[in-house]
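A.B. asks: Spelled out from the first residue to the last, the chains are:
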Amino acid sequence: MSLAFSVAWLWRSSTVRLALILAVIFALGMAVAVFTALTVGGSVFERRTDATLQAMASSADLQGSRGDGFGLILREAGDLQDLPRAFDRVADRGGGTITLDRDFRNSESWRVFVGPDARGAAVLVAVPLDDGEEALELLSGVLWTTVAVVIALSLLIGLVAGVLGRRRLRRINQTLSALAAGDLSARTGIAATSDDLSEMAGQVDIAAAELEQLVAQTRHLSASLAHDLRTPLARLRSRLEVLPEGEERGAALEEVEHLSSVFDTIMRVARIEAAQGTDGFEAVALGPFAQELHEIFGAVVEDAGKTLALDVSQPAEVLADRQMLVQMVANLIQNAIRHGGANITLKVGGAAIGVCDDGPGVDPADYAQIVKPMVRLDAARHTEGTGLGLSLVRAVATRHRADLHLSPCQPQGLSVMVKFADL
Amino acid sequence: MRILLLEDDAQLGAWITSGLREEGHVVDHFANGKDALIAAMGQDYDVLVLDRMVPGLDGLAVLKSLRASKNATPALFLTALGEVDARIEGFEAGGDDYLTKPFAFVELSARVAALGRRGDGVSAEPEKQTLLQHGDLSLDLLARTCKRQGQEIDLMAKEFKLLEYLMRRPGRLVTRTMLLEQVWDMSFDPTTSVVETHISRLRAKIDKPFETALIRTRRGEGYVFGF
Numbered sequence: 000m001s002l003a004f005s006v007a008w009l010w011r012s013s014t015v016r017l018a019l020i021l022a023v024i025f026a027l028g029m030a031v032a033v034f035t036a037l038t039v040g041g042s043v044f045e046r047r048t049d050a051t052l053q054a055m056a057s058s059a060d061l062q063g064s065r066g067d068g069f070g071l072i073l074r075e076a077g078d079l080q081d082l083p084r085a086f087d088r089v090a091d092r093g094g095g096t097i098t099l100d101r102d103f104r105n106s107e108s109w110r111v112f113v114g115p116d117a118r119g120a121a122v123l124v125a126v127p128l129d130d131g132e133e134a135l136e137l138l139s140g141v142l143w144t145t146v147a148v149v150i151a152l153s154l155l156i157g158l159v160a161g162v163l164g165r166r167r168l169r170r171i172n173q174t175l176s177a178l179a180a181g182d183l184s185a186r187t188g189i190a191a192t193s194d195d196l197s198e199m200a201g202q203v204d205i206a207a208a209e210l211e212q213l214v215a216q217t218r219h220l221s222a223s224l225a226h227d228l229r230t231p232l233a234r235l236r237s238r239l240e241v242l243p244e245g246e247e248r249g250a251a252l253e254e255v256e257h258l259s260s261v262f263d264t265i266m267r268v269a270r271i272e273a274a275q276g277t278d279g280f281e282a283v284a285l286g287p288f289a290q291e292l293h294e295i296f297g298a299v300v301e302d303a304g305k306t307l308a309l310d311v312s313q314p315a316e317v318l319a320d321r322q323m324l325v326q327m328v329a330n331l332i333q334n335a336i337r338h339g340g341a342n343i344t345l346k347v348g349g350a351a352i353g354v355c356d357d358g359p360g361v362d363p364a365d366y367a368q369i370v371k372p373m374v375r376l377d378a379a380r381h382t383e384g385t386g387l388g389l390s391l392v393r394a395v396a397t398r399h400r401a402d403l404h405l406s407p408c409q410p411q412g413l414s415v416m417v418k419f420a421d422l
Numbered sequence: 000m001r002i003l004l005l006e007d008d009a010q011l012g013a014w015i016t017s018g019l020r021e022e023g024h025v026v027d028h029f030a031n032g033k034d035a036l037i038a039a040m041g042q043d044y045d046v047l048v049l050d051r052m053v054p055g056l057d058g059l060a061v062l063k064s065l066r067a068s069k070n071a072t073p074a075l076f077l078t079a080l081g082e083v084d085a086r087i088e089g090f091e092a093g094g095d096d097y098l099t100k101p102f103a104f105v106e107l108s109a110r111v112a113a114l115g116r117r118g119d120g121v122s123a124e125p126e127k128q129t130l131l132q133h134g135d136l137s138l139d140l141l142a143r144t145c146k147r148q149g150q151e152i153d154l155m156a157k158e159f160k161l162l163e164y165l166m167r168r169p170g171r172l173v174t175r176t177m178l179l180e181q182v183w184d185m186s187f188d189p190t191t192s193v194v195e196t197h198i199s200r201l202r203a204k205i206d207k208p209f210e211t212a213l214i215r216t217r218r219g220e221g222y223v224f225g226f
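Heads up: the protein sequence lines correspond to chains A and B, in order.
Counting along the first sequence from 1, when you hit position 108 you're at 107 in numbering that gives the first Met the number 0, and nothing is skipped either side.
Counting along the second sequence from 1, when you hit position 65 you're at 64 in numbering that gives the first Met the number 0, and nothing is skipped either side.
It should be emphasised that the hints constitute simulated quantities derived from the structure, not laboratory data.
Idealized CB from N, CA, C, for every residue including glycine.
Where hints are given, some of them may not hold.
To be verified - Derived coverage of chain B by chain A (criterion: at least 3 residues anywhere in the stretch with Cβ under 8 Å from a Cβ of chain A; other residues may be distant):
1) 6 to 20
2) 90 to 101
3) 197 to 208
4) 211 to 224
To be verified - DSS-like mimics (lysine-lysine), calculated; alpha carbons at most 25 Å apart, straight line:
5) A:K305 to B:K204
6) B:K146 to A:K305
7) B:K157 to A:K346
8) A:K305 to B:K157
9) B:K157 to B:K146
Go ahead and model the full structure; you've got the sequences and the hints to work with.
C.D. replies: Quick look at the structure:
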């Protein structure tokens, strides 16, 4: 498994995503908490310090001397010459916090207070702030570490949950793909225990079993239907064939032929729809293929008083059941002869093949309708046909996982193109 | 030829049997798979004609058993199922050809004859003749020319192939299905009038300008070539 793949998978895993989102929310919350703690904590600390400093100032009695000691600075407000200049400026403002460029008496940061002493003279009291700052730094350090640990933990939990669910998810995905590809015996095989993924897998299995049974029933039904109808037709045909030749016999045989041809078409659509896999598929070069179809059906179109043009551009090779492809194009041409105008075009563009006519066309709102079995739009009721043409085209397209694309032709008419995957 | 027929429908069985016998074949007709299998194991046949669906042991099972015991007799399936199933299942079971019901007798007869030739080891194509002649019509397969009463007739490729197929079977009924398969390589009815169109074009060229017509239509059945 490549790294790119695993990263992509991590991002696709919903558990990991959820853990990530939670971690981000938690980090934001913690950031707000740390910021609040630092600002509020800082100002509380300052107020306390100032109160202490004020008390020290008011109880001092310097009388020209200096009271420095124990890390403190305590002296009259005019006696600041040996201190960094920053002390002067802060003293003028009545006090505050100083941050120096370099250490002064082992400390960069000082809290300064200026107030009256016991005799009313202005004195300056300053204490180094490093201890308090260190406490705050320690606090924020603890908070940030907690954030990092919590994020790492939640990601880890998400990852573990994702990996645990992943095998089952992949199994469910594989099963669904297999079902879609026509392997109706595919099952997840995951026991439906209490958790949601297993339950879902169980439901997939139940649905698949029902689907398999339905399809089997349909197959059985169409097989027995075929048998029950074709056998008497064969019997009828055998009786007619032994009759003496004549008009009546010919007409009767024609009827049998028509009946079995309609039946064949219906069965063919059902069979193509039920068939799966790529058995019998071969590489078909659309260029020569269209040429051949043009030769076969050109004469038929001409006899119907119309013309069949060939428009091939950049023909591709596609993987297809050749006979089905011929059936499909034959149906498209048949439809165009019945419902289209005088000029029919057999078109190939890349991996797409189809037919375009210059007839009245079809309202785009009806496109979804006309590909359904047996549907014939009202306007087509007066023309002959079984209404099975486009449903066969759709069945063949679906069988090949090709796109069936209906669109208006310019300036008028209907274009039906079937786009295959490039080989 | 000696032919084994497995067909449970009495009416169809009798029709096929009498038709094949009329053509000079020896036919053993069985209505169930077990009897047919025993018979086929016991003696040599030239061709097996097996109904795909009979009660009990069906045609498919019979042929599978025979193929398992190294019996290579050519077999034709008669099937009431659709062409897709017939094509796949029949060939998987070792069948050589299939015919979908309902069918014209001539189609069965043509296929049985073709399978019989294959079993003989003789070339299935006795069609080495390169000049076909019928009355005043001649078709030269090498020069790709067609003449009637000395007049050269210009034929399109498919028309040429169609005429060749007809001329090789003078006086015999040829169905649309046979023409679609042999001339156009289509194992299905495209529901367009491909055959009719080409027959009528061919007629316009080789029959219309002359006194006697060579291609006759047998309504509901097909075409017959020849006087």
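A.B. asks: Could you grab the alpha-carbon distance between K305 of chain A and K204 of chain B and see if it respects the 25 Å cut-off?
C.D. replies: holds, 21 Å
A.B. asks: Three residues minimum, CB to CB under 8 Å: does the segment 197 to 208 of chain B make the cut for coverage by chain A? Let me know.
C.D. replies: Holds: 3 residues of the segment 197 to 208 of chain B have a Cβ under 8 Å from chain A.
A.B. asks: Checking one constraint from the list: CA of K305 of chain A to CA of K157 of chain B, max 25 Å. Satisfied?
C.D. replies: holds, 20 Å
A.B. asks: Is the Cα-Cα distance between K146 of chain B and K305 of chain A 25 Å or less?
C.D. replies: violated, 30 Å
A.B. asks: For the segment 211 to 224 of chain B, count the residues whose Cβ lies under 8 Å from any Cβ of chain A; is that count three or more?
C.D. replies: Satisfied; 4 residues make the cut.
A.B. asks: Between the alpha carbons of K157 of chain B and K146 of chain B, is the straight-line distance 25 Å or under?
C.D. replies: holds, 17 Å
A.B. asks: With a cut-off of 8 Å between beta carbons, are at least three residues of the segment 90 to 101 of chain B near chain A?
C.D. replies: That given contact holds, which follows from 3 residues of the segment 90 to 101 of chain B lying within Cβ reach (below 8 Å) of chain A.
A.B. asks: Is the Cα-Cα distance between K157 of chain B and K346 of chain A 25 Å or less?
C.D. replies: Holds - the C-alpha atoms of K346 of chain A and K157 of chain B are around 22 Å apart, at most 25 Å.
A.B. asks: Can you confirm whether chain A covers the segment 6 to 20 of chain B, using C-beta to C-beta distances below 8 Å and requiring at least three such residues?
C.D. replies: holds (count 5)
The structure fails hint 6 only (numbered hints given earlier).
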